[in-house]
Every structure is written in structure tokens, then in C-alpha cells.
Amino acid sequence: MKVEVSYRKKLQQLKASENKKQAVNKLEGPDSESSMRQGITENTQRDKPLNPELVKAASAVASSLPRNKKQTESELLAQLRRHEETTDEQKKGRTINIRNVISEMTVKRQSPAQWGARISSRISLQLDEDGQRIRPERSSTQSMDSRSLKVGKRLNIFTKASTEPEHALKTVSSPTIWDLEFAKEVAAVTAQPPRNGFEEMIQWTKEGILWEFPIDNEVGMEDDAEFHEHIFLEKHLEGFPKEGPIRHFMELVICGLSKNPYLSVKQKVEHIEWFQKYFEEKKELLQEI
Amino acid sequence: MAAAALCWALRAARQVLPLSCPRQVRSYHVDWRMLRDVKRRKMAYEYADERLRINAIRKNSILPKELQEVADKEIAALPRDSCPVRIRNRCVLTSRPRGVKRRWRLSRIVFRHFADHAQMSGVQRAMW
Numbered sequence: 002m003k004v005e006v007s008y009r010k011k012l013q014q015l016k017a018s019e020n021k022k023q024a025v026n027k028l029e030g031p032d033s034e035s036s037m038r039q040g041i042t043e044n045t046q047r048d049k050p051l052n053p054e055l056v057k058a059a060s061a062v063a064s065s066l067p068r069n070k071k072q073t074e075s076e077l078l079a080q081l082r083r084h085e086e087t088t089d090e091q092k093k094g095r096t097i098n099i100r101n102v103i104s105e106m107t108v109k110r111q112s113p114a115q116w117g118a119r120i121s122s123r124i125s126l127q128l129d130e131d132g133q134r135i136r137p138e139r140s141s142t143q144s145m146d147s148r149s150l151k152v153g154k155r156l157n158i159f160t161k162a163s164t165e166p167e168h169a170l171k172t173v174s175s176p177t178i179w180d181l182e183f184a185k186e187v188a189a190v191t192a193q194p195p196r197n198g199f200e201e202m203i204q205w206t207k208e209g210i211l212w213e214f215p216i217d218n219e220v221g222m223e224d225d226a227e228f229h230e231h232i233f234l235e236k237h238l239e240g241f242p243k244e245g246p247i248r249h250f251m252e253l254v255i256c257g258l259s260k261n262p263y264l265s266v267k268q269k270v271e272h273i274e275w276f277q278k279y280f281e282e283k284k285e286l287l288q289e290i
Numbered sequence: 010m011a012a013a014a015l016c017w018a019l020r021a022a023r024q025v026l027p028l029s030c031p032r033q034v035r036s037y038h039v040d041w042r043m044l045r046d047v048k049r050r051k052m053a054y055e056y057a058d059e060r061l062r063i064n065a066i067r068k069n070s071i072l073p074k075e076l077q078e079v080a081d082k083e084i085a086a087l088p089r090d091s092c093p094v095r096i097r098n099r100c101v102l103t104s105r106p107r108g109v110k111r112r113w114r115l116s117r118i119v120f121r122h123f124a125d126h127a128q129m130s131g132v133q134r135a136m137w
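Line by line, the protein sequences are chains E and A. So for the first sequence, the working numbering puts the first residue at 2; every next one is plus one. So for the second sequence, the working numbering puts the first residue at 10; every next one is plus one.
It is worth saying that the hints were derived from the structure and are not from the lab. Don't take each hint at face value.
To be clear about the criterion: a stretch of chain E counts as covered by chain A if any three or more of its residues have a C-beta under 8 angstroms from a C-beta of chain A, and this derived list gives those stretches [stated by the list, open to error]:
#1 73-87
#2 270-280
Derived EDC-like pairs (lysine to aspartate or glutamate); straight-line CA-CA distance at most 16 angstroms [what the hints assert, rightly or not]:
#3 K284/E <-> E59/A
#4 K260/E <-> E230/E
#5 K10/E <-> E76/E
#6 K278/E <-> D58/A
#7 K68/A <-> D81/A
#8 K243/E <-> E281/E
#9 K283/E <-> D58/A
#10 K278/E <-> E83/A
#11 K51/A <-> D81/A
#12 K283/E <-> D81/A
#13 K236/E <-> E289/E
#14 K74/A <-> E239/E
#15 K267/E <-> E201/E
#16 K283/E <-> E75/A
#17 K284/E <-> E75/A
#18 K267/E <-> D58/A
#19 K82/A <-> E55/A
#20 K278/E <-> E59/A
#21 K267/E <-> E235/E
#22 K278/E <-> E239/E
Just so you know, even glycine gets a beta-carbon here, dropped at the ideal spot from N, CA and C.
Please model the entire structure based on the sequences and the hints provided.
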């Protein structure tokens, strides 16, 4: 909301404000120190009364203007106050007090999708010649302020009060389908064709076409069973009759299986179960005999 | 947390994506006999366990003979291509049924061709 003032009036205003600033500075010397000790905020400066001479000058200017005098006077006084504040701050060397501004700000919470987008922009998938990822260059955070990081008012970001945003993020479950799809897309886009034979071999190894060297003979064989599970297989013979030719036959089968190093425990158990099924189906035939 | 999850997803996707494509698959067989041989091998692989177990019942002297006769009929009822005896070790490149060296799966003519062009690792003309 600006007051329409002609150029002559502007000059008059400027002259008046300049004259009064010099007077004000002498008066404000002691006041500014006391307010600094208190911790200066904008409110305390507004409460401070303006210089009476300034007020008189403002009223004179307002009377010279053709419009509503009281309104113009109040507006002029408000403008003067603002000028005073800015000049005071500039003189004291605090242009934009970032810390005061940040302390009043709150943490912005983003959705996990936005999080992911941000993080993916940070993590670049391009491989350097060494095979290490090229890091996106971060602007040095220390270049914002010429002062050191340890000086100044505490921002209270990394204290107990701020554990809430961490908890909110932890509620995200395992990557959603959309995350997986996005990851697949990114991998497909960033997959460069191999530049030389080594990269081709790397790609083949990843796909499984080429074995990994030095060759591990037990690749794919994940037998976590202990030796006693391979050898002592009598516990699986509970479904069979305890006497007779079938039992004799199955004991021979078990003896053979215990000596077999090529089958896993699962396969051996399946083997025995197949025989169990087979003999159960032939029960009628066996009873005739 | 989300960052770690996304990283994991990326890593998994890089490995999963090429694995989802099939590995080396042969789509060209030299002739139909080779194709039939391939089918027989597949079937023999499928029925190998069953055949082994039924044969174990047949070829022992402990079980009663009636049971063994039943097992005989069962194994005869299995598809004919499932028995491993029908597999013929043909040459991989020319599908030649005879003159095939087992170690290289190649017929003698192809083997000689490659060996003379120094494309067989560790194979040298004999001279003593």
C-alpha cells in the first residue's frame, strides 16, 4: 500500500528523515545496547517510540498533502519506523539474520515418493571408469555463512524433540511395487552397452551366463543339513511294517542313500516317501500274497 | 529408511532384470533328428527318478515276484521317449550320429577342422 506522493514531497521526506536519523542515532546509542542484551526482535523496535522531531516532520508533510491528513500521517510514520529498523540492522552488521529466521521455521515433511525422487536424484547410477559411482556435486554447506558452524544460537534440530520425523519415516514398509518398478526403469535406462570385453564379461557374470572365478564347486548347492541327517535315516521308516521283505528292502534303500553324497536330504526324504506311497497303493496286492 | 529401501531395490533390480531374461537358449537345431534327440533327453530327465525307483523294485530278489511283475508292467507303461537308452550322442554342430568324441561332443570331421585351425584349446597334432 503506497501513498502517492509527488517527487517534491519525496525529497522533503528524505531530507526530513536524514536530518532526524542523525539525531536519532545519538539518542539510540544506549537504547540499542540494552535491547541487544535482551535479544533483539522486531517487536521491541516497533515498541520504541519514534523521535518527536520525526513525528513533527511527518505531521508537517501530511498537512501539506491534499488527501486525508491523518491517514497519510500514520502511513508516513509506519514507513519511517520501517526505515529506522532496516538502517539500525544494517549498521549493526546483521543483514539477514538467518539463524533467527530458521529457528522459527519447522521441518517440512515430504511423502515417501518425494523422498525417493530426491534421493534418486542424489544417487547417480553412472559408473566411473574405476567402477565407482560419480557423486553429484553438493554445494558446500559451509559456504552459506562465512562464520563457523559452532558459533551461534542452537537450532535444536538434533535433539529429542526432533525424533518425530524419524519415526514417521520408519513407518514406511518394504519397497512398494511402484518403487520396484521405478528401480527397474532406472536400471534399464542407465544400462550402458559394454565398452569392452571386460565389461561384457561382467555383464555375463551378472546374468549367470559366465561362472564366477575362482570356481566354487558348491555354487547352487545349499545343503544346510548336518551329516547325521544324511546318514541316520531310520526315523523316516516309521510308515513301513516292521517285519517282512518290505522292511528288508527299505533298510537296503536307506543304507544306499546314507552312502550317497550327491543327493540333498530333501531328495532322500522324497525318495523314501515315494516308496511309501507306492507300497500303500499295492497294499491289496500284498495282502493277497 | 526409504533411502536404504530404494537403494536395495535398485541393486536388486540391476541383478534381477537381466536374470529375468532367459539364459542361453538354443533355437536352432541342425535337423529334425537332433530335435527329437533333444526331446528324448528332456523326457528322460523328467522320468529319471521314477524309472530308477521302479527298477529298484524290479531288480532285487527280496520282494515277492508278483510285485516285481506289476512293476514291470508299470515301467512298460511309461512313455517310450522317457528311457535313456534312446538317447544318441550326436555331434552338436552337424548332428552326425557316428564318430562323435564324447569329451567335445563333436564329430570327428568337425573336430579335425577346428583343431587344425588352432581353435581347440590344448589339442595338438600327435607326433612321436
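Against the structure, the hints come out as follows:
{"no.": "1", "hint": "73-87", "verdict": "violated (count 0)"}
{"no.": "2", "hint": "270-280", "verdict": "holds (count 4)"}
{"no.": "3", "hint": "K284/E <-> E59/A", "verdict": "19 angstroms, violated"}
{"no.": "4", "hint": "K260/E <-> E230/E", "verdict": "12 angstroms, holds"}
{"no.": "5", "hint": "K10/E <-> E76/E", "verdict": "14 angstroms, holds"}
{"no.": "6", "hint": "K278/E <-> D58/A", "verdict": "14 angstroms, holds"}
{"no.": "7", "hint": "K68/A <-> D81/A", "verdict": "10 angstroms, holds"}
{"no.": "8", "hint": "K243/E <-> E281/E", "verdict": "15 angstroms, holds"}
{"no.": "9", "hint": "K283/E <-> D58/A", "verdict": "19 angstroms, violated"}
{"no.": "10", "hint": "K278/E <-> E83/A", "verdict": "15 angstroms, holds"}
{"no.": "11", "hint": "K51/A <-> D81/A", "verdict": "23 angstroms, violated"}
{"no.": "12", "hint": "K283/E <-> D81/A", "verdict": "14 angstroms, holds"}
{"no.": "13", "hint": "K236/E <-> E289/E", "verdict": "28 angstroms, violated"}
{"no.": "14", "hint": "K74/A <-> E239/E", "verdict": "25 angstroms, violated"}
{"no.": "15", "hint": "K267/E <-> E201/E", "verdict": "37 angstroms, violated"}
{"no.": "16", "hint": "K283/E <-> E75/A", "verdict": "11 angstroms, holds"}
{"no.": "17", "hint": "K284/E <-> E75/A", "verdict": "12 angstroms, holds"}
{"no.": "18", "hint": "K267/E <-> D58/A", "verdict": "14 angstroms, holds"}
{"no.": "19", "hint": "K82/A <-> E55/A", "verdict": "19 angstroms, violated"}
{"no.": "20", "hint": "K278/E <-> E59/A", "verdict": "12 angstroms, holds"}
{"no.": "21", "hint": "K267/E <-> E235/E", "verdict": "15 angstroms, holds"}
{"no.": "22", "hint": "K278/E <-> E239/E", "verdict": "13 angstroms, holds"}
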